[in-house]
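Protein chains in written order, with the UniProt record's numbering: chain A, 1 to 387; chain B, 1 to 584.
Derived by calculation from the structure, the hints in this document are not laboratory data. Just so we're clear, the structure is a prediction, and the values are computed from it rather than from any experiment. Built from N, CA and C at the ideal position, the CB exists for glycine as well. Where hints are given, some of them may not hold.
Unchecked claim - Restricting the straight-line Cα-Cα distance to at most 27 Å, the calculated cross-link-like pairs of lysine-lysine (DSSO-like) are:
#: 1; chain 1: A; residue 1: Lys299; chain 2: A; residue 2: Lys348
#: 2; chain 1: B; residue 1: Lys478; chain 2: A; residue 2: Lys255
#: 3; chain 1: A; residue 1: Lys281; chain 2: A; residue 2: Lys255
#: 4; chain 1: A; residue 1: Lys96; chain 2: B; residue 2: Lys98
#: 5; chain 1: B; residue 1: Lys322; chain 2: A; residue 2: Lys348
#: 6; chain 1: B; residue 1: Lys79; chain 2: A; residue 2: Lys255
#: 7; chain 1: A; residue 1: Lys296; chain 2: B; residue 2: Lys433
#: 8; chain 1: B; residue 1: Lys353; chain 2: B; residue 2: Lys478
#: 9; chain 1: A; residue 1: Lys96; chain 2: B; residue 2: Lys240
#: 10; chain 1: B; residue 1: Lys102; chain 2: A; residue 2: Lys281
#: 11; chain 1: B; residue 1: Lys543; chain 2: B; residue 2: Lys79
#: 12; chain 1: B; residue 1: Lys322; chain 2: A; residue 2: Lys65
#: 13; chain 1: B; residue 1: Lys143; chain 2: A; residue 2: Lys255
#: 14; chain 1: A; residue 1: Lys77; chain 2: B; residue 2: Lys240
#: 15; chain 1: B; residue 1: Lys433; chain 2: A; residue 2: Lys145
#: 16; chain 1: B; residue 1: Lys543; chain 2: A; residue 2: Lys182
#: 17; chain 1: B; residue 1: Lys194; chain 2: A; residue 2: Lys209
#: 18; chain 1: A; residue 1: Lys77; chain 2: B; residue 2: Lys191
#: 19; chain 1: A; residue 1: Lys351; chain 2: B; residue 2: Lys194
#: 20; chain 1: A; residue 1: Lys199; chain 2: A; residue 2: Lys145
#: 21; chain 1: B; residue 1: Lys240; chain 2: A; residue 2: Lys75
#: 22; chain 1: A; residue 1: Lys255; chain 2: A; residue 2: Lys289
#: 23; chain 1: A; residue 1: Lys263; chain 2: B; residue 2: Lys433
#: 24; chain 1: A; residue 1: Lys255; chain 2: B; residue 2: Lys240
#: 25; chain 1: B; residue 1: Lys543; chain 2: B; residue 2: Lys566
#: 26; chain 1: B; residue 1: Lys194; chain 2: A; residue 2: Lys348
#: 27; chain 1: A; residue 1: Lys75; chain 2: B; residue 2: Lys478
#: 28; chain 1: B; residue 1: Lys478; chain 2: A; residue 2: Lys65
#: 29; chain 1: A; residue 1: Lys96; chain 2: B; residue 2: Lys102
#: 30; chain 1: A; residue 1: Lys62; chain 2: B; residue 2: Lys322
#: 31; chain 1: B; residue 1: Lys554; chain 2: A; residue 2: Lys209
#: 32; chain 1: B; residue 1: Lys322; chain 2: A; residue 2: Lys96
#: 33; chain 1: A; residue 1: Lys348; chain 2: A; residue 2: Lys378
#: 34; chain 1: B; residue 1: Lys322; chain 2: A; residue 2: Lys209
As the list claims (entries may be wrong) - From the derived model, a few chain B residues whose C-beta atoms are all more than 10 Å from chain A:
#: 35; residue: Thr82
#: 36; residue: Ser94
#: 37; residue: Asn265
#: 38; residue: Thr476
#: 39; residue: Asp497
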Amino acid sequence: MRSISKTAVLALLAAGLAGCTGQSNNQASPSASPSASATATASQMQGQEARLDIEQTTFSLKQWKVDGSHNTSVKGKFMIGDQPVANAVLHAGTSKKNIVTGDDGSFELLVDQSLLSDTPVRVVSLDEAKVGGQPLNADAANQVKDTSTYISVYYPIEVSEVKASASDANQVEVHGQIKSGKDDLVSFFQIDKYRIGGKVIDADGNPVKDAVVWIDRDEGEGFAKSTPTDENGNYQLFYLPEDEETNLTVTIGTKRYTLPENKVYIIPEDTSVEINITLPKEGTVIDDKPPTLVSKTSKGAMYTGVLAGLNVPEDVKYTVTIPDKEGHFVLTVPKAAWDQHPSFFETKMTKFVDQDDELAWGDTLPSSFVQPGANDPKNIESVSKGA
Amino acid sequence: MKKSYAAVGAVLAASLALSACSGKDNNNTASPSPSASGSASASPTASASASAGSVTGTSFENWGTYGFDLKNTRHAPYKEITADNVNDLGIVWSADLKTLDKDVKNGNQAYPVVIDGVIYITTSGNQVFAFDAVTGNQIWHWKPSPEQAATFSKSGIIANRGVAVGEGKVFMLTIDNQIVSLDQKTGELVKMVKIADSIEGVTLENGYYETTAPVYYKGNIYIGSSGGDNGVRGFVNAYKASDLSPAWDAPFWTVPPKGQDWLANSKFQGGGAVWNPPAIDEETGIMYFAVGNPAPDFYGEDRPGANPYTDSVVAVEAATGKLIWAKQEISHDLWDYDAAASPMILNATVKGKQQKIVVEGGKSGQWFAWDAKTGDVVWDGIPFAKISHPNPTPEGVLVYPGVLGGENYAPETYDPATNYVLIPGVEQPALIKSAKNQDEAATPDMPGAMAFGTTMGELPADVETFGTITAMDVNTGKQAYQIKTKDPQRGGLTSTDAGIAFFGELDGKINALDIKGGKVIWSFQTAGDNIQAAPAVFTVDGKQYITFTSGGTKPKVYVFALGGDKTQGKEGAADTGSAHSEKK
Numbered sequence: 001m002r003s004i005s006k007t008a009v010l011a012l013l014a015a016g017l018a019g020c021t022g023q024s025n026n027q028a029s030p031s032a033s034p035s036a037s038a039t040a041t042a043s044q045m046q047g048q049e050a051r052l053d054i055e056q057t058t059f060s061l062k063q064w065k066v067d068g069s070h071n072t073s074v075k076g077k078f079m080i081g082d083q084p085v086a087n088a089v090l091h092a093g094t095s096k097k098n099i100v101t102g103d104d105g106s107f108e109l110l111v112d113q114s115l116l117s118d119t120p121v122r123v124v125s126l127d128e129a130k131v132g133g134q135p136l137n138a139d140a141a142n143q144v145k146d147t148s149t150y151i152s153v154y155y156p157i158e159v160s161e162v163k164a165s166a167s168d169a170n171q172v173e174v175h176g177q178i179k180s181g182k183d184d185l186v187s188f189f190q191i192d193k194y195r196i197g198g199k200v201i202d203a204d205g206n207p208v209k210d211a212v213v214w215i216d217r218d219e220g221e222g223f224a225k226s227t228p229t230d231e232n233g234n235y236q237l238f239y240l241p242e243d244e245e246t247n248l249t250v251t252i253g254t255k256r257y258t259l260p261e262n263k264v265y266i267i268p269e270d271t272s273v274e275i276n277i278t279l280p281k282e283g284t285v286i287d288d289k290p291p292t293l294v295s296k297t298s299k300g301a302m303y304t305g306v307l308a309g310l311n312v313p314e315d316v317k318y319t320v321t322i323p324d325k326e327g328h329f330v331l332t333v334p335k336a337a338w339d340q341h342p343s344f345f346e347t348k349m350t351k352f353v354d355q356d357d358e359l360a361w362g363d364t365l366p367s368s369f370v371q372p373g374a375n376d377p378k379n380i381e382s383v384s385k386g387a
Numbered sequence: 001m002k003k004s005y006a007a008v009g010a011v012l013a014a015s016l017a018l019s020a021c022s023g024k025d026n027n028n029t030a031s032p033s034p035s036a037s038g039s040a041s042a043s044p045t046a047s048a049s050a051s052a053g054s055v056t057g058t059s060f061e062n063w064g065t066y067g068f069d070l071k072n073t074r075h076a077p078y079k080e081i082t083a084d085n086v087n088d089l090g091i092v093w094s095a096d097l098k099t100l101d102k103d104v105k106n107g108n109q110a111y112p113v114v115i116d117g118v119i120y121i122t123t124s125g126n127q128v129f130a131f132d133a134v135t136g137n138q139i140w141h142w143k144p145s146p147e148q149a150a151t152f153s154k155s156g157i158i159a160n161r162g163v164a165v166g167e168g169k170v171f172m173l174t175i176d177n178q179i180v181s182l183d184q185k186t187g188e189l190v191k192m193v194k195i196a197d198s199i200e201g202v203t204l205e206n207g208y209y210e211t212t213a214p215v216y217y218k219g220n221i222y223i224g225s226s227g228g229d230n231g232v233r234g235f236v237n238a239y240k241a242s243d244l245s246p247a248w249d250a251p252f253w254t255v256p257p258k259g260q261d262w263l264a265n266s267k268f269q270g271g272g273a274v275w276n277p278p279a280i281d282e283e284t285g286i287m288y289f290a291v292g293n294p295a296p297d298f299y300g301e302d303r304p305g306a307n308p309y310t311d312s313v314v315a316v317e318a319a320t321g322k323l324i325w326a327k328q329e330i331s332h333d334l335w336d337y338d339a340a341a342s343p344m345i346l347n348a349t350v351k352g353k354q355q356k357i358v359v360e361g362g363k364s365g366q367w368f369a370w371d372a373k374t375g376d377v378v379w380d381g382i383p384f385a386k387i388s389h390p391n392p393t394p395e396g397v398l399v400y401p402g403v404l405g406g407e408n409y410a411p412e413t414y415d416p417a418t419n420y421v422l423i424p425g426v427e428q429p430a431l432i433k434s435a436k437n438q439d440e441a442a443t444p445d446m447p448g449a450m451a452f453g454t455t456m457g458e459l460p461a462d463v464e465t466f467g468t469i470t471a472m473d474v475n476t477g478k479q480a481y482q483i484k485t486k487d488p489q490r491g492g493l494t495s496t497d498a499g500i501a502f503f504g505e506l507d508g509k510i511n512a513l514d515i516k517g518g519k520v521i522w523s524f525q526t527a528g529d530n531i532q533a534a535p536a537v538f539t540v541d542g543k544q545y546i547t548f549t550s551g552g553t554k555p556k557v558y559v560f561a562l563g564g565d566k567t568q569g570k571e572g573a574a575d576t577g578s579a580h581s582e583k584k
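Go ahead and model the full structure; you've got the sequences and the hints to work with.
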């Protein structure tokens, strides 16, 4: 036993020498593969809890700062009972960066406090992991491989008042505030982009599938690309309008249709538009007059902003207002659901809203509109004002 | 012959672990023997290729990375080609890239990398070629699948600026935001990963794309991001060369997230693309990169303040991405004045003293130098182009430089003998209109849709367009001279210890400049046009070669040397990069 583990240590040392500058992954010495008898076994760990201990897991959202101070480093340890797990590979959030635990099970993470998020931290590999200097055998690895935790960054939510709804006795109005740091503007909810959408058809009036509509600015350097047309010839793209000459092209495979030479659009500002395109029977120049090119303004816009919502069962319908600049919002929710003390979620949402009237602070949204994304913070306990 | 190679190869493989630790990441380790392939780039596979005898030559001096060295100095210590014999330069071989593969796209901005007698170039449309540098024999060729190519053949911007080579692999970024690693010896795909797998939302649909060459350093490759003018959030990130997994905890974001700091109050904002490779100081591990303009480009009312870190040079720890310093060239940019070209790190004489500095020329037509360690200003915006830029109005104003710069993506070179930085310049004004104030332009609350149509494009202003090369004396911060070139300088410069600098022109000419005298001493009309990337210089068996690519509608690659074929081509049509063509 003793001699075997000595060999393993020597092999490890050799691997360490060979693998400078982070190339150890593909330069691991074959002799480093451990002998089966020298592994930490499941039975040794029976009843021991595997934990990813992180010194701080919840953070208030802090605005982006030019000096980078919104980034915080946090330390953690991967432990089984009181034994550190060395050389385990962890991932945090959507980044696939390999975070390798040290001899004492320690690791360090960078938290970007400017981004609303739940960042799961989980074990992705125990292949090289060691407990008490010994590799984990398959059973032991299996037992601890699902160890995880998460780090949350969110705006604290404060509830100032809960009162019965004037219009429906079964509902309560929850007056809340998304709280920002001092002097920070919390909440914003505004138009982010406009839509260009429409239909691409061929000269015989049949919808064209898998065509892509591109616009690019003649003087500036921006461009936007549509989704490929569906079987009905429908496309859409979201763009950043600037008041200038804009080229439009349609590509199907390698074929590229354009407007006539030196013809451009100046696309109306502050509105979505519909552009319906009929491709020519011959050649690649689109005849830029109705009925082969029909352009008109249309409703709707893409919005981006921070919204709060409640973690309630899907069949519980509620409404929430768009927070104002200070983050004030009102939720109207069935009293029975609120009495279950649901937690809040926050989301920075980007969504196209297909309506004439522009959405603004204070407008009421249905719960079906306000859905958290996979990485949005979802376990926010509100505090009562003055508490 | 082959046998002796194999033996050397074996010794090399054994000592690889040691040589990989030497910190030489520029692939340029000069060596009189085949052990040149023992540089950081060389894996056992590279020496195997030498033993297979597929590459001409036995000793090699390289152009191992985008900017020759990681400092991006673009200055090679080769001096066989001199002012005296430069007229004896001719074509050793050239290849028409569309003939080699019909799916190669128009336009080419690839900066060749040359390692151990092999030239690696990319093409528009993200193909990669490896050529025997001396014979032009194609060693391998990689192209994306038709499905992937279909995705980006739809793009208006399909240029690619080249590869990085390290750990026996060749790395390229694709227009649809993927990182490709290829086997350096065979060109076979090792791995392709989507950047969006590690950084959410980095997709063509969201306005992101990639044109930059990556850079390899200490086990990582470093990438920037294009798409600033589409309002994307610019970033730099590091990936492990071994498996393309992220090497930093998070990307370095060049602008705030939407809704925060200077992006608190308005829509359509962001920007800060990082168009070109960073410069890396191997002594300190500090990396420097240049950041593009804020969006929207010409309308700044709703993005108050200086808009950090747009139009800036930023220094970060290469190992972690942690900010060290950032210096802005243009505060609150309204003219699309990116810091586009890669910065250079120089050990130069500055104000009579030796100093390590970082320099960058902006699209603003101004040239800057900072202390590499502290970021303290050394030279603050020395003009090298006509500068006149009133604030844009809805009616339009003529601004100098125009949206192409100044200095665009084309890199500078540094000649230590004269202590001159040579700056490639564009003299082409632009008529810029601001977007209308949001209130003026607000859509009335009217029911129903309003029809609109196309209109005639405005003819470009009748102005003189040309290029310049400015020799900036780093010691004094003054121009030593400026020469005028027929067309804007879009490719950049490369210099050698013989005191000459090579640069291409948009009409397809390749020229040599006597750096000290400021005179063009050699000019050769190639059969291609639109040379939009700077040459690479290298040697094989002691003989010096120059290679570069041309773009336009007939993209080509050339290798020149003394004694080559002097048959010249027809003058090409310059595409100055105005409307309808790729920019930056």
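The hints, checked one at a time:
no. : hint                : verdict
1   : A:Lys299 - A:Lys348 : holds, 23 Å
2   : B:Lys478 - A:Lys255 : violated, 51 Å
3   : A:Lys281 - A:Lys255 : holds, 13 Å
4   : A:Lys96 - B:Lys98   : violated, 38 Å
5   : B:Lys322 - A:Lys348 : holds, 26 Å
6   : B:Lys79 - A:Lys255  : violated, 48 Å
7   : A:Lys296 - B:Lys433 : holds, 24 Å
8   : B:Lys353 - B:Lys478 : holds, 16 Å
9   : A:Lys96 - B:Lys240  : holds, 11 Å
10  : B:Lys102 - A:Lys281 : holds, 26 Å
11  : B:Lys543 - B:Lys79  : holds, 10 Å
12  : B:Lys322 - A:Lys65  : holds, 13 Å
13  : B:Lys143 - A:Lys255 : holds, 20 Å
14  : A:Lys77 - B:Lys240  : holds, 24 Å
15  : B:Lys433 - A:Lys145 : violated, 59 Å
16  : B:Lys543 - A:Lys182 : violated, 66 Å
17  : B:Lys194 - A:Lys209 : holds, 26 Å
18  : A:Lys77 - B:Lys191  : violated, 32 Å
19  : A:Lys351 - B:Lys194 : holds, 24 Å
20  : A:Lys199 - A:Lys145 : violated, 50 Å
21  : B:Lys240 - A:Lys75  : holds, 23 Å
22  : A:Lys255 - A:Lys289 : holds, 21 Å
23  : A:Lys263 - B:Lys433 : holds, 18 Å
24  : A:Lys255 - B:Lys240 : violated, 38 Å
25  : B:Lys543 - B:Lys566 : holds, 18 Å
26  : B:Lys194 - A:Lys348 : holds, 23 Å
27  : A:Lys75 - B:Lys478  : violated, 50 Å
28  : B:Lys478 - A:Lys65  : violated, 36 Å
29  : A:Lys96 - B:Lys102  : violated, 37 Å
30  : A:Lys62 - B:Lys322  : holds, 18 Å
31  : B:Lys554 - A:Lys209 : violated, 32 Å
32  : B:Lys322 - A:Lys96  : holds, 19 Å
33  : A:Lys348 - A:Lys378 : holds, 12 Å
34  : B:Lys322 - A:Lys209 : violated, 46 Å
35  : Thr82               : holds, 39 Å
36  : Ser94               : holds, 26 Å
37  : Asn265              : violated, 8 Å
38  : Thr476              : holds, 32 Å
39  : Asp497              : holds, 30 Å
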